[in-house]
Amino acid sequence: MKRRITLGVALAVSLGAMPAAAEISGDVVKIGVLTDMSSLYSDINGAGAVVAAQMAIEDFGGTVAGKPIELVSADTQNKPDVGLSVAGRWVDVEGVDVISGASSSAVTLAVQNLAADKNIVYLVSDAASSDITGKLCNANTVHWVYDTAALANGTGSAVVKAGGDTWYFLTADYAFGYALERDVTEVVKEAGGEVLGSVRHPLNTSDFSSFILQAQASGAKIVGLANAGGDTVNSIKAASEFGLVQAGQKMAGLLVFISDVHSMGLDVAQGLQLTEAFYWDQNDETREWSKRFAERHQGKMPTSVQAGHYASIMHYLKAVEALGSDQPGDAVVAKMKELETDDPLFGKGLIRQDGRKMHDMYLFEVKAPSESEGPWDYYKLIRTIPGDEAFRPMEEGECPLVKG
Amino acid sequence: MFDLLGISAPAFFGQLLIGVINGSFYALLSLGLAVIFGMLHIINFVHGAQYMLGAFTALLLLNYLGIGYWWSLLLAPLIVGAFGIVLERVFLRHLYKLDHVYGLLLTFGIALVIEGTFREFFGSSGQPYGIPPELAGVQNLGFMFLPNYRAWVIVASLVVCFGTWFMIERTRLGSYLRAATENPALVQAFGINVPLMVSLTYGFGVALAAFGGVLAAPIYQVSPLMGINIIIVVFAVVVIGGMGSILGAVVTGFVLGVVEGLTKVFYPEASSTVIFVVMVLVLLTRPTGLFGRA
Numbered sequence: 053m054k055r056r057i058t059l060g061v062a063l064a065v066s067l068g069a070m071p072a073a074a075e076i077s078g079d080v081v082k083i084g085v086l087t088d089m090s091s092l093y094s095d096i097n098g099a100g101a102v103v104a105a106q107m108a109i110e111d112f113g114g115t116v117a118g119k120p121i122e123l124v125s126a127d128t129q130n131k132p133d134v135g136l137s138v139a140g141r142w143v144d145v146e147g148v149d150v151i152s153g154a155s156s157s158a159v160t161l162a163v164q165n166l167a168a169d170k171n172i173v174y175l176v177s178d179a180a181s182s183d184i185t186g187k188l189c190n191a192n193t194v195h196w197v198y199d200t201a202a203l204a205n206g207t208g209s210a211v212v213k214a215g216g217d218t219w220y221f222l223t224a225d226y227a228f229g230y231a232l233e234r235d236v237t238e239v240v241k242e243a244g245g246e247v248l249g250s251v252r253h254p255l256n257t258s259d260f261s262s263f264i265l266q267a268q269a270s271g272a273k274i275v276g277l278a279n280a281g282g283d284t285v286n287s288i289k290a291a292s293e294f295g296l297v298q299a300g301q302k303m304a305g306l307l308v309f310i311s312d313v314h315s316m317g318l319d320v321a322q323g324l325q326l327t328e329a330f331y332w333d334q335n336d337e338t339r340e341w342s343k344r345f346a347e348r349h350q351g352k353m354p355t356s357v358q359a360g361h362y363a364s365i366m367h368y369l370k371a372v373e374a375l376g377s378d379q380p381g382d383a384v385v386a387k388m389k390e391l392e393t394d395d396p397l398f399g400k401g402l403i404r405q406d407g408r409k410m411h412d413m414y415l416f417e418v419k420a421p422s423e424s425e426g427p428w429d430y431y432k433l434i435r436t437i438p439g440d441e442a443f444r445p446m447e448e449g450e451c452p453l454v455k456g
Numbered sequence: 110m111f112d113l114l115g116i117s118a119p120a121f122f123g124q125l126l127i128g129v130i131n132g133s134f135y136a137l138l139s140l141g142l143a144v145i146f147g148m149l150h151i152i153n154f155v156h157g158a159q160y161m162l163g164a165f166t167a168l169l170l171l172n173y174l175g176i177g178y179w180w181s182l183l184l185a186p187l188i189v190g191a192f193g194i195v196l197e198r199v200f201l202r203h204l205y206k207l208d209h210v211y212g213l214l215l216t217f218g219i220a221l222v223i224e225g226t227f228r229e230f231f232g233s234s235g236q237p238y239g240i241p242p243e244l245a246g247v248q249n250l251g252f253m254f255l256p257n258y259r260a261w262v263i264v265a266s267l268v269v270c271f272g273t274w275f276m277i278e279r280t281r282l283g284s285y286l287r288a289a290t291e292n293p294a295l296v297q298a299f300g301i302n303v304p305l306m307v308s309l310t311y312g313f314g315v316a317l318a319a320f321g322g323v324l325a326a327p328i329y330q331v332s333p334l335m336g337i338n339i340i341i342v343v344f345a346v347v348v349i350g351g352m353g354s355i356l357g358a359v360v361t362g363f364v365l366g367v368v369e370g371l372t373k374v375f376y377p378e379a380s381s382t383v384i385f386v387v388m389v390l391v392l393l394t395r396p397t398g399l400f401g402r403a
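Note that the protein sequences, when read in sequence, are chains G and V.
The numbering used here puts the first sequence at residues 53 to 456.
The numbering used here puts the second sequence at residues 110 to 403.
Treat the hints with care, since some could be wrong.
What the hints assert, rightly or not - Partial selection, computed: residues in chain G whose CB lies under 7 Å from chain V: (1) TYR226; (2) SER258; (3) LEU265; (4) SER311; (5) MET316; (6) GLN322; (7) GLY323.
Keep in mind the hints are simulated off the structure, nothing from the lab.
Even for Gly, the Cβ is constructed at its ideal location relative to N, Cα and C.
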């Protein structure tokens, strides 16, 4: 009996040492979704992100390279320390192979380092800072959906072209806000405009009236909102209450999600121009997927971030399937860059050497209540911005992975 | 003088006024907390959730029953206040003889349950609630545009704060209340139903929170997070004013609204922390708070 066990162990060990056909660590591919479940970004991201990840796993067939796919999720509360400690535990103790999301740029920059240290895969579809594929880039990270450079090129340049050549910024006081303000400032200056000033407000501020008053006093034609989620909604509400638009100024929402528009209502949001990577009502494929999503998510249509979780996980699974292995992280990411991307939500595209996922971006305008034909019918397309034009050229990003 | 500060006079007055508006909310909420703590010795951590419930009650009354703002201003505090009385009867009254910390833990837990439930149903970004048509529009004051609705908030808050202070400090009912907190057994011996009075007081404090919620609904998004965002600041206000001091809560509420407003001009990044800095300074110099009695 004892000998038989020894033989068995020896066999197992020798099998393990062989370059096996499929090397899936722990015999399971474990996906961890890090998101904001409880704070101001939870409608953009949150439970919907987990639903999207679940759908990706189901649509892929539940297994990859013959092994099961498992999903875990956690709430970061938008705090880098919380996000980082969950991510560390996932990788060290629970054998998570890939992390999708982080809830905000501040958390992302922390988790991005961890991904490189532990050599796992990191899929970013919620954070916006263009530094993720710029000077802070690494070989383990793929940045899906959007970034601050693309938002600046979309909304920023459209607004300057329409005559908005003096700007004042309301900026969220953390990594994402700084990056967005910086990238839009560049676009504005390049187009011959001028930035008159900016004010930095704490994350998750409920009353913006004081900041709106400062923006009014600046005399700028355009008040640019370098913030997101609840902060953007509250800024726009305060602006409409304090007669900002009546007094001759205009608002530019630099990062507005469909969940924000839904929560403000078309009365308040109409006319707002915004740049997005995804809208549910673009074509038959996005409509079909979004309806399936809504059925599982209290009737809410997906945001671009939630769509990004789905598409990036799908592409990750394709790369693992092609490679027959989920280890090490940088090899999987290299495979992801090698394979062309193709999914129902973002269409065909590719991942650049710096980790940037390339696809078209869209400049939308929020419909007036009279133009909207039903719930969630919110946007009309103003312009499709080709990926090469929307995203920052790779050489300008100062990413160390790009040899130039 | 204003040039020295790097801000024009109109901008300065504008910010001052906005500080007063925000102070109105702090005053209204800290008043309710002060009444509850002063009379019941309960640290009512569920106050923020009750403020949020006030706003949601107004929203639901509008969406499902078509009841507008003005009726909501009356009905929402009654409904939420009644809910508060149930809470007091079922849970809180068991805790009066125990340490404060038990009340704090219980109310904190209830707040988490209420807010989590609402987040599950309504999401975090909230829903819009329109400004009543009578109060729409803005006044051009020369140095700023003042929305009519915000002017109404200041008036409503001042009236309610003064009324509450007057009722507790200057009327017979108020003197019963104060006596009952000093010596419940003796007051009961005079034939006054102390437990009923305590329940009603708690209901009243909760109704104040709900009233604040309805006032806030048209300004902010009606969101499950609105209470959590404000409650910590309001607690700091109560501590600075002196736990249980009604006048202290009201005055401190307005003053800190102004302090916070001016911080948003001179050092905006610190605007969410300045109140806590003030709290630390006050506690170091006057541990009972500005208006508190040792």
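A quick look at each hint next to the structure:
1. TYR226: violated, 10 Å
2. SER258: holds, 5 Å
3. LEU265: holds, 5 Å
4. SER311: holds, 6 Å
5. MET316: holds, 6 Å
6. GLN322: violated, 13 Å
7. GLY323: violated, 16 Å
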